[in-house]
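*Asks:* Chain by chain, the residues run as shown.
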Amino acid sequence: MNRIIHVARIQLVNAKMVIGFPLFILLFVLAANIVLFLAAPFPEPEQGSSPTGALMSIYIATMILHVQTMTQMFPYALGMSITRRDFLAAAGLVVVGQALLYGVALSVLRLIETATNGWGVGVAMFDLPFLEVSNPVMQVLVYAGPFLLLSFAGLWAGVVYQRWGQLGVWILSLSLAALLIGAAALVGWRNWWPQVGSFFADTPTPVLLFVYPVVLAAVFAGSTYFTTRRATA
Amino acid sequence: MSVVSLRGVTKRYGDTTAVDDVSFDLHENRIHGLLGRNGAGKSTVMRMLTGQDLPTSGQIRVVGENPFENAGVLRQVCFIKEAQKYPDIFLARHALKSAEMIFPNWDAEFAEQLVDEFRLPLKTRTKKLSRGQLSAVGVIVGLASRAPVTLFDEPYLGLDAVARQLFYDHLLADYAEHPRTVVLSTHLIDEVADMIEHVVVIDRGRIVMNDSADNLRSQAVTVSGPTKAVERFAAGHTVLHREDVGGYARLLVSGIPEGRDTTSLQVEPVSLQQLVVRTAQLSDSALAGAANGKGELS
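First to last, the sequence lines map onto chains A and B.
In terms of our numbering, the first sequence opens at residue -14 and continues consecutively.
In terms of our numbering, the second sequence opens at residue 6 and continues consecutively.
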């Protein structure tokens, strides 16, 4: 365990970038949103603030960051006498820690947002209707779940690129697209759309945004492990 | 004592055999030259020694254990390669800081001194460093890590002559104070010839020379004189190279025992570089089946 913390510290040797970069993107997008709402106020909804999808920015930034964990940090670490196993364990540790940290950060930002009536301009970036949960711990976890999912997916995509190059990533994305289209076609053919809709509507938020993402994240973590075992720098 | 051993190691990538049934040892506290032409298999051997790649077959031992995924062994191994890439988010100082965290024998003061001498800008992104400055990062890490097994694979691309000499001087001085097993892989054989104590030459994935530098130097000579006398002298020995001018011949001969009679002949020592180049050429022509006249193996 000591060794893994050690390797995690090496991955965070430039923590300003690893931890700070996605937060910076988020704050930048938040500022941009506030300016936009000031410049062109949206019609006030009946109650609360106008929701935006800008929260996605930090999730995407984190995912890209962890693609690079495998395409850049991993070959470097391997070249510097770190084993694949230690590197992956450390990357997992960083991902989990980062997800929880961001979960806390987003929860705090949400509190500020509600207290200031949407940053004074009625914009809802964090206090989104489907993110409603009953207690603060659950709130953190609900924010953290998608981070875990996307970060581990990013790690896996990164190591697929590392092992099989661009072709591998193409094949992976095309198969994924085919899978999704196939699923959509099946749902359409069977007339299952109402059930799908009610699945998302009826599943409690903590299950939808924490339990399921964590299960998927575990699948991606396992895939990453097996893909990395024989990967070379 | 052998610190690194390879026994029957073969590495294939698809149809090409990069390393072909190679066996040799690296000895404790000695400077080795791992020499050979581009694509001969040097880097592949070093990648396998450092657990970055697996051999297709054969056995590799580093300090007695298989290095692949072996954290205990790898901690004692520092591999500096020309092609080392750094993460985009690294400044030069992050490369040194992470090396400090990785290698238990790291000497921070020594590293600082080297940064000064190599004039390495610490606050520059590794992406923005020049080729020579990138090499300096590698050389500094390789020296300051003081790893019991240190491998340098063409570490000084882009380094100017002064910086290279700086590297050689520091390597020798630090090696004298902190002995370790060093492998130098390089094309600039003449520059490192005086440091190398043991020579391993690899060609087309096979070992063609594996001996102490002293032995090699003492056994190989260039003989010149009247063709007949030169041929008599060389009879029964390996002729690595031959030049003929009129009735005179000039032969590079190896395997000469000491104290041979050399009257009427001119005998000169051979540089390590000449010896390696001619041996590689000989093994090439022998493999190509064109050994007629140039390199008769006797």
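Hints in this document: simulated from the structure, not taken from any laboratory.
Each hint should be verified, as a subset may be incorrect.
Okay, derived cross-link-like pairs now, DSS-like style, lysine-lysine, Cα gap no bigger than 27 Å in a straight line [what the hints assert, rightly or not]:
(1) A:Lys1 x B:Lys128
(2) B:Lys90 x B:Lys128
(3) B:Lys102 x B:Lys90
(4) B:Lys90 x B:Lys133
(5) B:Lys233 x A:Lys1
(6) A:Lys1 x B:Lys102
(7) B:Lys102 x B:Lys128
(8) B:Lys133 x B:Lys102
(9) B:Lys132 x B:Lys102
(10) B:Lys90 x B:Lys132
(11) B:Lys133 x A:Lys1
(12) B:Lys132 x A:Lys1
In this text, all values refer to a predicted model and were calculated from it rather than measured experimentally.
*Asks:* Give a verdict on every hint.
*Replies:* Hint by hint, here is what the structure shows:
With a C-alpha separation of about 14 Å, the suggested pairing of Lys1 (chain A) with Lys128 (chain B) holds against the 27 Å cut-off. For the proposed pair Lys90 (chain B) and Lys128 (chain B), the alpha carbon gap of about 17 Å is at most 27 Å, so the pair holds. As the CA atoms of Lys102 (chain B) and Lys90 (chain B) are separated by approximately 16 Å, the hinted pair is consistent with the 27 Å bound. As the CA atoms of Lys90 (chain B) and Lys133 (chain B) are separated by approximately 12 Å, the hinted pair is consistent with the 27 Å bound.
About 76 Å separates the Cα atoms of Lys233 (chain B) and Lys1 (chain A), which puts this hinted pair outside 27 Å; it is violated. The hinted pair formed by Lys1 (chain A) and Lys102 (chain B) meets the criterion: a straight-line CA distance of about 15 Å does not exceed 27 Å. About 12 Å separates the Cα atoms of Lys102 (chain B) and Lys128 (chain B), which keeps this hinted pair within 27 Å; it holds. Note on Lys133 (chain B) and Lys102 (chain B): the hinted pairing holds, with a Cα-Cα distance of about 18 Å set against a maximum of 27 Å.
With a CA separation close to 17 Å, the supplied pair Lys132 (chain B) and Lys102 (chain B) stays within the 27 Å bound. For the given pair, Lys90 (chain B) sits about 9 Å from Lys132 (chain B) by alpha-carbon distance, which is consistent with the 27 Å threshold. With a C-alpha separation of about 19 Å, the suggested pair Lys133 (chain B) and Lys1 (chain A) falls inside the 27 Å cut-off, and the hint holds. Between the alpha carbons of Lys132 (chain B) and Lys1 (chain A) the distance comes to roughly 17 Å, so the proposed pair stays at or under 27 Å and holds.
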